[in-house]
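Working from the sequences, and respecting the hints, build out all of it.
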Amino acid sequence: MKKNKKIALKNQLNRELKIILGSFFAIVVIAIVFYFTNQNNKLNENINPTKQDNLTRDFNHKKGPENAKVKIVEFYDPECEACAAFSPYVKEIISRYQNDIQLTVRYALYHGNSTLAAKASDAAALQGKFWDFQELLFLNQSEWSHSQVPAIENFIKYAKDLDLDVLKFQTDINDLKRMETISIDLEDGKKLGVNGTPTIFINGKKLENLHPNSFKEKIEEEISKTN
0 MKKNKKIALK NQLNRELKII LGSFFAIVVI AIVFYFTNQN NKLNENINPT KQDNLTRDFN
60 HKKGPENAKV KIVEFYDPEC EACAAFSPYV KEIISRYQND IQLTVRYALY HGNSTLAAKA
120 SDAAALQGKF WDFQELLFLN QSEWSHSQVP AIENFIKYAK DLDLDVLKFQ TDINDLKRME
180 TISIDLEDGK KLGVNGTPTI FINGKKLENL HPNSFKEKIE EEISKTN
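Numbering that gives the first Met the number 0 applies: residue 0 is where the sequence shown begins, and numbers increase by one.
The set of hints was computed from the structure by calculation and includes no laboratory data.
There could be a bad hint or two in this list.
To be verified - The list that follows gives simulated cross-link-like pairs (lysine-lysine, PhoX-like), each with its CA atoms no further than 20 Å apart:
| no. | residue 1 | residue 2 |
| --- | --- | --- |
| 1 | Lys61 | Lys159 |
| 2 | Lys190 | Lys204 |
| 3 | Lys128 | Lys176 |
| 4 | Lys189 | Lys167 |
| 5 | Lys61 | Lys128 |
| 6 | Lys167 | Lys68 |
| 7 | Lys190 | Lys205 |
| 8 | Lys224 | Lys204 |
| 9 | Lys61 | Lys204 |
| 10 | Lys159 | Lys68 |
| 11 | Lys176 | Lys68 |
| 12 | Lys190 | Lys90 |
| 13 | Lys90 | Lys61 |
| 14 | Lys167 | Lys156 |
| 15 | Lys205 | Lys61 |
| 16 | Lys176 | Lys90 |
| 17 | Lys90 | Lys62 |
| 18 | Lys215 | Lys68 |
| 19 | Lys128 | Lys159 |
| 20 | Lys90 | Lys167 |
| 21 | Lys215 | Lys62 |
To be verified - Label pairs and their in silico Cβ distance ranges:
| no. | residue 1 | residue 2 | range |
| --- | --- | --- | --- |
| 22 | His110 | Glu134 | 13 to 23 Å |
| 23 | Pro64 | Glu207 | 41 to 51 Å |
| 24 | Lys62 | Ser146 | 21 to 31 Å |
| 25 | Lys156 | Ala81 | 18 to 28 Å |
| 26 | Val165 | Leu138 | 30 to 40 Å |
| 27 | His60 | Ala84 | 11 to 21 Å |
| 28 | Glu207 | Lys167 | 38 to 48 Å |
| 29 | Lys90 | Arg56 | 14 to 24 Å |
| 30 | Lys167 | Arg56 | 33 to 43 Å |
| 31 | Asp162 | Glu220 | 18 to 28 Å |
| 32 | Lys215 | Leu166 | 17 to 27 Å |
Glycine included, every Cβ here is placed at the ideal spot set by N, Cα and C.
Structure representation (structure tokens):
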């Protein structure tokens with residue numbers, strides 16, 4: 000009889016121990032899940048462009064009023080055909096709402112001549128001709144991106160067309176400072192989830208549907224919010 004009681008007591012203790020251990024492990028699992036979920040949420044917050052301080056930089060090329068209702072940030076590649084095709088829509092909407100829009104452009108480079116084109120664009124910017132040079136790059140993209148002639152020869156020709164100081168232009172292209180700012184654009188782009196071009200942010204939010212109509216509708220929606 001005493002032996003049976005001991006066995007029963009032992010079984011009860013084993014059950015209680017299992018319950019305690021089970022509860023303990025459940026708490027540990029919940030804590031681990033909560034921790035990683037919290038860390039993931041923090042990561043998402045960090046890459047959310049609405050919470051990013053590096054969506055734009057002071058050295059980026061901008062046009063439009065600082066107090067604009069709509070701020071567009073475009074990550075682009077001068078050699079990207081889609082960027083060249085989308086450029087007229089950006090230009091048109093800015094022309095229509097020029098007092099309400101500020102455009103900032105940044106680099107995300109994926110093609111063979113992209114880096115040199117970006118450096119040339121920044122060199123042109125030092126002589127106040129960034130936007131003009133950008134337009135020439137897009138208009139003549141097939142000429143310099145697929146030509147057997149070295150791209151730099153085409154870029155020098157465009158610099159002459161814009162009456163730039165060509166010697167200064169060439170010197171500025173080779174200045175190491177060009178790569179410093181370009182590298183920051185590339186790194187910021189990665190942090191912001193840029194993995195193709197063009198990638199557009201409107202008032203800090205990434206435009207998921209990159210269609211001219213969606214682009215226009217989103218901008219007009221943002222403008223109407225402040226009216």
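Status of the hints after comparison with the structure:
| no. | hint | result |
| --- | --- | --- |
| 1 | Lys61 to Lys159 | violated (24 Å) |
| 2 | Lys190 to Lys204 | holds (14 Å) |
| 3 | Lys128 to Lys176 | holds (18 Å) |
| 4 | Lys189 to Lys167 | violated (32 Å) |
| 5 | Lys61 to Lys128 | holds (12 Å) |
| 6 | Lys167 to Lys68 | violated (37 Å) |
| 7 | Lys190 to Lys205 | holds (13 Å) |
| 8 | Lys224 to Lys204 | holds (15 Å) |
| 9 | Lys61 to Lys204 | holds (18 Å) |
| 10 | Lys159 to Lys68 | violated (37 Å) |
| 11 | Lys176 to Lys68 | violated (32 Å) |
| 12 | Lys190 to Lys90 | violated (27 Å) |
| 13 | Lys90 to Lys61 | holds (13 Å) |
| 14 | Lys167 to Lys156 | holds (14 Å) |
| 15 | Lys205 to Lys61 | holds (18 Å) |
| 16 | Lys176 to Lys90 | violated (29 Å) |
| 17 | Lys90 to Lys62 | holds (11 Å) |
| 18 | Lys215 to Lys68 | holds (14 Å) |
| 19 | Lys128 to Lys159 | holds (12 Å) |
| 20 | Lys90 to Lys167 | violated (29 Å) |
| 21 | Lys215 to Lys62 | holds (18 Å) |
| 22 | His110 to Glu134: 13 to 23 Å | holds (18 Å) |
| 23 | Pro64 to Glu207: 41 to 51 Å | violated (27 Å) |
| 24 | Lys62 to Ser146: 21 to 31 Å | holds (29 Å) |
| 25 | Lys156 to Ala81: 18 to 28 Å | holds (25 Å) |
| 26 | Val165 to Leu138: 30 to 40 Å | violated (20 Å) |
| 27 | His60 to Ala84: 11 to 21 Å | holds (20 Å) |
| 28 | Glu207 to Lys167: 38 to 48 Å | holds (41 Å) |
| 29 | Lys90 to Arg56: 14 to 24 Å | holds (23 Å) |
| 30 | Lys167 to Arg56: 33 to 43 Å | violated (24 Å) |
| 31 | Asp162 to Glu220: 18 to 28 Å | violated (41 Å) |
| 32 | Lys215 to Leu166: 17 to 27 Å | violated (42 Å) |
The structure fails hints 1, 4, 6, 10, 11, 12, 16, 20, 23, 26, 30, 31 and 32 (numbered hints given earlier, in ascending order).
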